[in-house]
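Asks: What follows is each chain in one-letter form.
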Amino acid sequence: MSANGSEPLLSVRDLHTTFPLRSALLRRVTGHVQAVAGVSFDLRRGETLGLVGESGSGKSTLARTVIGLERAASGTVTFDGRELTSASPAELRAARRDVQMIFQDPYSSLNPRRTAGQIVAEAWEIHPGVVPRSRWRDEARDLLARVGLDPSHADRYPHQFSGGQRQRLGIARALALRPKLVICDEAVSALDVSIQAQVLNLLADLQADLGLTYLFIAHDLSVVRHVSDRVAVMYAGRVVELAEQEEIFRRPTHPYTQALLSAVPVPRPWSQPPRERILLTGDVPSPADPPSGCRFRTRCWKARDECAEVEPALEPRLGLHPSACHFAELPAAHR
Amino acid sequence: MTESPLLSVRDLSVRFRTGGGHVRAVDGVSFDVRRGETLAVLGESGSGKSVTAQAVMGILPKPAGEIAGGTIVYDGRDLLAEDPNRVRRLRGDEIAMVFQDPLSSLNPVFRVGWQIGEMFRRHRGASRRAARAAAVELMERVGIPAAARRVDDFPHQFSGGMRQRIMIAMALALRPRLLIADEPTTALDVTVQAQIMRLLADLRREEGMALVLITHDLGVVADVADRALLMYAGRAVETGGIREVYDHAAHPYTRGLMASIPDLDGPRERLTPVRGAPPNLLALPSGCSFHPRCPHATDRCRADDPVLRAVDGRPAEHRAACHHAEEVVAGERERV
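Chains as they are written, first to last, in our numbering: chain A, 427 to 761; chain B, -11 to 324.
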């Protein structure tokens, strides 16, 4: 397939992922949970798209659907010109080589019985032809060095590494097949802050050196701002706002984005102009029984009748970026 | 005349037996908690911040952990020397604790109202009816909507944020004078995190109790804490008023932590994290435990373990355990 430089690397259109709800006794399907409910976005080559949202927003399910770990109920995922939701197993296999994932908990995603070198080389066993067997040892050591691990530790087991080192090992494993897209699912969330900063710098260096494209999923907005070119904000299975990083953080127009930003703890609040704190009440609605119309309306201080009747589309508003709110408006400081 | 502190910890050491030998998880830590104040205890994993709280609460994992030295004085009473039964009652009545994971601290098979009410039945001899009424009142107090209806629900029927509110309700039941919260918002979403921090701050003010907030997140406590205590590898490395410590950090570790946090405003610059990783407590470096990671380290740091001391040119209560504290503070001035 053509790798036209201007076409997006990943294109997701109206993607839905649903999980059946079953009764405890007869396992009969009693309903459906819409974990991802009509999500569309493009990922440009070489960029980092940050995906933020709270637990239950569907951000991880979205990533798992993109990579094929969950089946899409409807919609399309086009990667590098190939439509994946209708692809043959062989095509899917090839695409999976190009898309790799880094998980939150490196410890549970690394086989404890394999050495660091074997963990990195595992992918070459599954996808023959990427690296010839005679080169495995050297290539594995190169990869370990590339992510800041001591190549002489290739014979060590995961438990012999610290948490930060294990995450580096997870990154080395993800890079083994020379992917085009790396999905980082809360990849730095479990790390201590000093180690987290080291890993963020590493991810930036790897992107610059290898031309990687990142889909970066995190709940920490400071981290997302730091790494992302563009940011998508998810709420209850839908993208509610999508824009360049600076737009999202300086000119958010969706009330949920504004509330989320106002809740982010900053280390030295006194050194900044006073922020308007929007304290949301209540919790994210159950995805099994989402509110009619706008899914955020049950927690929104702007909600009116219209919000319960008409679901707001994600479209440019106020002459700015796409926002899914009937009453999109800039934060008070900008009005 | 200054009022005596509510809690005074002096030279506390806690030892853990591990497969690899003895580990000093807390090593000579001293601090005070004043009446009605909020103290943030900050540090990364392995710093000893949670173990310090467990020692104060008398809930060190036994038999692995034991207090190896020091004193814990609460309101003039030495908790390590007094009759264990009286100390236990004191800890239940006057010192309460909230943990990170409310689901594992709540009993899944009992209704939440019953669990909150148990505090009144056991400690105050309240009747079932009175205990239930008190439970509803507390649930309202911590912001659980429709408390009267939800008092008979089970823990799994509540969201994470609501479960943490239930834990806070239980901790507050006996109107403690000291509440220790160990990573109370770490498992929660950011919007819920803000709600819980606000709740803790409001309750502290209304109750006039003292609050110790243990966390790895320098941001979440900035708004609510009066003072900060930073821990590294089992030691207290810096302490002082929270603004003073954050704005004029005198320990290179504190400074490194601040530089590791990405900004929410301002230009996006490459982070300058602390290099290396926290030390293995079984094989601590000589001298200052932080020296292998420190940009200021000299021969003196490799030989002499620095003690917590006042920093020249800074307020007296700002203290740091660094031979080069003045240099560290001055470095910040050059950069600004």
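These are computed hints drawn from the structure, not numbers from a lab.
There's no promise every hint is true.
Claimed, not checked - Residues on chain B that point at chain A, a partial pick, calculated with CB under 7 angstroms:
#1 Asp66
#2 Ala69
#3 His144
#4 Phe146
#5 Ser147
#6 Asp177
#7 Leu206
#8 Arg256
#9 Val262
Unchecked claim - Not close to chain B: a few residues of chain A, all C-beta gaps over 10 angstroms, as computed:
#10 Arg453
#11 Ser481
#12 Ser534
#13 Thr541
#14 Gln624
#15 Ala630
#16 Ser648
#17 Arg651
#18 His652
#19 Leu687
#20 Ala689
#21 Val692
#22 Trp696
#23 Arg703
#24 Leu705
#25 Ala758
Claimed, not checked - Over 10 angstroms on every C-beta distance to chain B, these chain A residues come out as not near it, computed from the model:
#26 Asp618
#27 Ala685
#28 Pro691
Cβ coordinates follow ideal geometry from the N, Cα and C atoms, glycine included.
Asks: Next step is simple, just say for each hint if it's right about the structure.
Replies: Hint check results:
1. Look at Asp66/B: its Cβ only gets to about 34 angstroms from chain A, farther than 7 angstroms, so that hint breaks.
2. Look at Ala69/B: its Cβ only gets to about 36 angstroms from chain A, farther than 7 angstroms, so that hint breaks.
3. Using the Cβ-Cβ criterion of 7 angstroms, the hint placing His144/B at the interface with chain A is not satisfied: the shortest such distance is roughly 14 angstroms.
4. A least Cβ separation of about 9 angstroms between Phe146/B and chain A goes past the 7 angstroms threshold, and the interface hint is therefore violated.
5. A distance limit of 7 angstroms between C-beta atoms decides the matter here; for Ser147/B the minimum to chain A is near 4 angstroms, and the interface restraint holds.
6. Evaluation of the Asp177/B hint against chain A yields a held restraint, the C-beta minimum of about 4 angstroms falling below 7 angstroms.
7. For Leu206/B, the interface hint holds, since its Cβ comes within 7 angstroms of a Cβ in chain A; the closest pair sits about 5 angstroms apart.
8. With a least beta-carbon distance of about 6 angstroms to chain A, the hint placing Arg256/B at the interface is held under the 7 angstroms criterion.
9. Given hint, Val262/B at the interface with chain A, holds; its Cβ is 4 angstroms from that chain's nearest Cβ, closer than 7 angstroms.
10. Non-interface call for Arg453/A relative to chain B: holds, since the shortest CB-CB distance, roughly 20 angstroms, exceeds 10 angstroms.
11. At roughly 6 angstroms, the least C-beta separation between Ser481/A and chain B is not larger than 10 angstroms, which violates its mark as non-interface.
12. No beta-carbon of chain B comes within 10 angstroms of the beta-carbon of Ser534/A; the shortest separation is about 17 angstroms.
13. The Cβ of Thr541/A lies farther than 10 angstroms from every Cβ of chain B, with a closest approach of about 20 angstroms, so its non-interface assignment holds.
14. Separation of Gln624/A from chain B is inadequate, the least Cβ-Cβ distance of about 5 angstroms not exceeding the 10 angstroms criterion.
15. For Ala630/A, the requirement that its beta carbon stay farther than 10 angstroms from each beta carbon of chain B is not met, with the minimum near 7 angstroms.
16. The beta carbon of Ser648/A is not kept farther than 10 angstroms from every beta carbon of chain B, the shortest such distance being approximately 4 angstroms.
17. Separation of Arg651/A from chain B is inadequate, the least Cβ-Cβ distance of about 6 angstroms not exceeding the 10 angstroms criterion.
18. Its closest Cβ contact with chain B, about 4 angstroms, brings His652/A to no more than 10 angstroms, contrary to its assignment away from the interface.
19. The Cβ of Leu687/A sits about 8 angstroms from the closest Cβ of chain B, inside the 10 angstroms cut-off, so the non-interface label is violated.
20. Not every beta carbon of chain B lies more than 10 angstroms from that of Ala689/A, the smallest distance being close to 4 angstroms; the non-interface claim is violated.
21. For Val692/A, the requirement that its beta carbon stay farther than 10 angstroms from each beta carbon of chain B is not met, with the minimum near 5 angstroms.
22. Chain B draws Trp696/A into its interface by the beta-carbon criterion, the shortest separation being 6 angstroms against a cut-off of 10 angstroms.
23. Separation of Arg703/A from chain B is inadequate, the least Cβ-Cβ distance of about 7 angstroms not exceeding the 10 angstroms criterion.
24. In this structure Leu705/A is not separated from chain B by more than 10 angstroms, as the shortest Cβ-Cβ distance comes to only about 6 angstroms.
25. With 10 angstroms as the threshold on Cβ separation, the claim that Ala758/A sits away from chain B holds: the shortest Cβ distance comes to roughly 16 angstroms.
26. Asp618/A, annotated as away from the interface, has a beta carbon of chain B within 10 angstroms; the closest lies near 4 angstroms.
27. For Ala685/A, the shortest C-beta to C-beta distance to chain B comes to about 6 angstroms, within the 10 angstroms cut-off, and the non-interface label is violated.
28. For Pro691/A, the condition that its CB be more than 10 angstroms from all CB atoms of chain B is violated, with the nearest at approximately 3 angstroms.
Violated hints, listed in ascending order, are 1, 2, 3, 4, 11, 14, 15, 16, 17, 18, 19, 20, 21, 22, 23, 24, 26, 27 and 28; each of the other numbered hints is respected by the structure.
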